[in-house]
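Chain by chain, the residues run as shown.
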Amino acid sequence: MIGFGWTFYAFFVAAAAWVLLYNLWAWWSANSDRESRR
Amino acid sequence: MITESFTFFIVVSLYVGIVIAIGVWGYFHTKTEVDFLAAGRTIGPWIGGAVLTATQISAGTFVGTLGRHYLTGVSWIWAWFGVWAGWLTSALFVAPKLRRFGALTVADYVGKRFASERARTLSAALIIVTYTIYLTAQFQAAGEISMAIFHVKPAYSMVALIGSTAFYTIAGGVRSSSYVDFLQTMLMIVGLFFGLPIVLGHVGGLSALGEYLGSIDPRIAGSWYSWREIAAVAIAFGLTLAAAPYEMTRYYSMRDAATVRKAIGVSIGCQALIGSSVMILGLSMRGLFPVLPSADQASSVLASSVMTPLVGSLFLVGMISAIMSSSNSVLIVTAGALSHDLYARLINRRASDRQRLLVNRVGVVVLGFVPLFFALQHFGDVQTIVLTQSKFIASFFFVPVVFGLTWRRGTREGAIAAMAGGFLACLVWTLAFQTRFAASGIDAVEVGVATSALMFVAISLLTPPTPAANLAVFFDPPSEVAAAAVPSPIERG
Numbered sequence: 027m028i029g030f031g032w033t034f035y036a037f038f039v040a041a042a043a044w045v046l047l048y049n050l051w052a053w054w055s056a057n058s059d060r061e062s063r064r
Numbered sequence: 238m239i240t241e242s243f244t245f246f247i248v249v250s251l252y253v254g255i256v257i258a259i260g261v262w263g264y265f266h267t268k269t270e271v272d273f274l275a276a277g278r279t280i281g282p283w284i285g286g287a288v289l290t291a292t293q294i295s296a297g298t299f300v301g302t303l304g305r306h307y308l309t310g311v312s313w314i315w316a317w318f319g320v321w322a323g324w325l326t327s328a329l330f331v332a333p334k335l336r337r338f339g340a341l342t343v344a345d346y347v348g349k350r351f352a353s354e355r356a357r358t359l360s361a362a363l364i365i366v367t368y369t370i371y372l373t374a375q376f377q378a379a380g381e382i383s384m385a386i387f388h389v390k391p392a393y394s395m396v397a398l399i400g401s402t403a404f405y406t407i408a409g410g411v412r413s414s415s416y417v418d419f420l421q422t423m424l425m426i427v428g429l430f431f432g433l434p435i436v437l438g439h440v441g442g443l444s445a446l447g448e449y450l451g452s453i454d455p456r457i458a459g460s461w462y463s464w465r466e467i468a469a470v471a472i473a474f475g476l477t478l479a480a481a482p483y484e485m486t487r488y489y490s491m492r493d494a495a496t497v498r499k500a501i502g503v504s505i506g507c508q509a510l511i512g513s514s515v516m517i518l519g520l521s522m523r524g525l526f527p528v529l530p531s532a533d534q535a536s537s538v539l540a541s542s543v544m545t546p547l548v549g550s551l552f553l554v555g556m557i558s559a560i561m562s563s564s565n566s567v568l569i570v571t572a573g574a575l576s577h578d579l580y581a582r583l584i585n586r587r588a589s590d591r592q593r594l595l596v597n598r599v600g601v602v603v604l605g606f607v608p609l610f611f612a613l614q615h616f617g618d619v620q621t622i623v624l625t626q627s628k629f630i631a632s633f634f635f636v637p638v639v640f641g642l643t644w645r646r647g648t649r650e651g652a653i654a655a656m657a658g659g660f661l662a663c664l665v666w667t668l669a670f671q672t673r674f675a676a677s678g679i680d681a682v683e684v685g686v687a688t689s690a691l692m693f694v695a696i697s698l699l700t701p702p703t704p705a706a707n708l709a710v711f712f713d714p715p716s717e718v719a720a721a722a723v724p725s726p727i728e729r730g
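Quick mapping for you: the protein sequence lines, in order, are chains C and U.
Read in order, the letters of the first sequence correspond to residues 27 to 64 in the numbering used here.
Read in order, the letters of the second sequence correspond to residues 238 to 730 in the numbering used here.
None of these hints come from the bench; they were simulated from the model.
From a predicted model like this one, the values you see are computed outputs, not experimental measurements.
Mixed in with the good hints there might be a few duds.
As the list claims (entries may be wrong) - Covered stretches of chain U (chain C as the covering partner; in silico rule of three or more C-beta atoms under 8 Å from a C-beta of chain C):
hint, segment
1, 315-322
2, 494-508
Stated by the list, open to error - To give a feel for the contact side, a few chain C residues facing chain U, derived at Cβ under 7 Å:
hint, residue
3, I28
4, F30
5, G31
6, F34
7, Y35
8, A36
9, F37
10, A43
11, V45
12, N49
13, A52
14, W54
15, A56
16, D59
C-beta atoms are modelled at their ideal positions from N, C-alpha and C, and glycine is treated no differently.
Can you build the whole structure from these sequences, using the hints too?
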């Protein structure tokens, strides 16, 4: 029997990586903005 | 029947009661146009993230995307990366500059950046036309749900949707809409969170589902669409999201540019949760009900026949929330374009704050009822209509917004040509060539954006540059702009 292909599982890994990396950048850049204003 | 259960009655009553209470609260906190269109610029990252999610997640997701997964399986899920690439583009190039500009409508940006009332008027008119298509999809989805679950004529549910959405939009504008959006995002996530285990229990788990779907058609568990087809859809969504007026308007309501970037991150997280859940639910429905009369009915049948009364009620309210929140955001943008950009600029330039607010509220009702007629014609499935409007928005707005915020040399003539040319190219390609050239894989959105970009660059280079004073807020460092805005001691007298 053939189940879900690799693309099904790959999506979850890729989505988690995207969410994590984006949020790290957004919150880091907000902190650096605040420090540069001081 | 879920609709006859006491639980459903309690959940819906609670939901409606809270929405009405927020609407009334918003009414007493909305005194000016800035309050109505930008919530006094007080929204933080968590509420802001929920607002962007509620705006983005619509009937297109709960009815259209779920139906698309039901019909075609897994591969549609990769279109989300186009959506998130659009958000990233917006966070990098659009949101910080727009928030710093701090206007009220998207057409405000066009008017200021290109120093042109004509460009402003054209953008406002195109936004109203294109978003009428978008609202048509939302109303059609409401009709599908009401037919499948309540056995009520679509027209009645559409009128109920317009009435309830218009109520809290009119009452409190963006302020109450933002808190209702937060509630709606939470409801969508809670409905999906509790619904998933129940549905997976029915199909015997993910592995069993994958094996069963693979035995029906291997493309459902693997790749139904080619990468070229998915890329075309992802590009359409990405280009639209990068310059989506209904999201851009919400940036204005947040505290500052850093808040907008954080809110986009919160929103992408929520979208990933919702998108993954919707895929699994769509696939599960194919496993449970292989032959439904319409793919758009998968979500309604799921809520009414598969889930328990409490979870089904939560899921149903989540679905209604998705439709209401997107309709509400679109109404804010279109009514804002009508009152702020057309009425106050072309008809009554001396309009008071009170008059603008009144036109805004009347606009919400009028522009809410226009798509009703189109929704009753049933031009196509919900996902197709959402995709069509995405292509038009991207074709006329991506270039003036993203190129306009990154290339100083863009001019008013270039912007007008880009908007008109992109819109017409997308229209002509959709009506005359889309089917004929489908095999070549060239999509209307690619033709529209390419035409718009070519016209913007070529005509801008042939016409005089935009005055430096108009460009300063978008291109000069924030400190210089702030210094220029403060009058010198001599000027102060």
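Q | Hints breached by this structure | A | 7, 8, 10, 14
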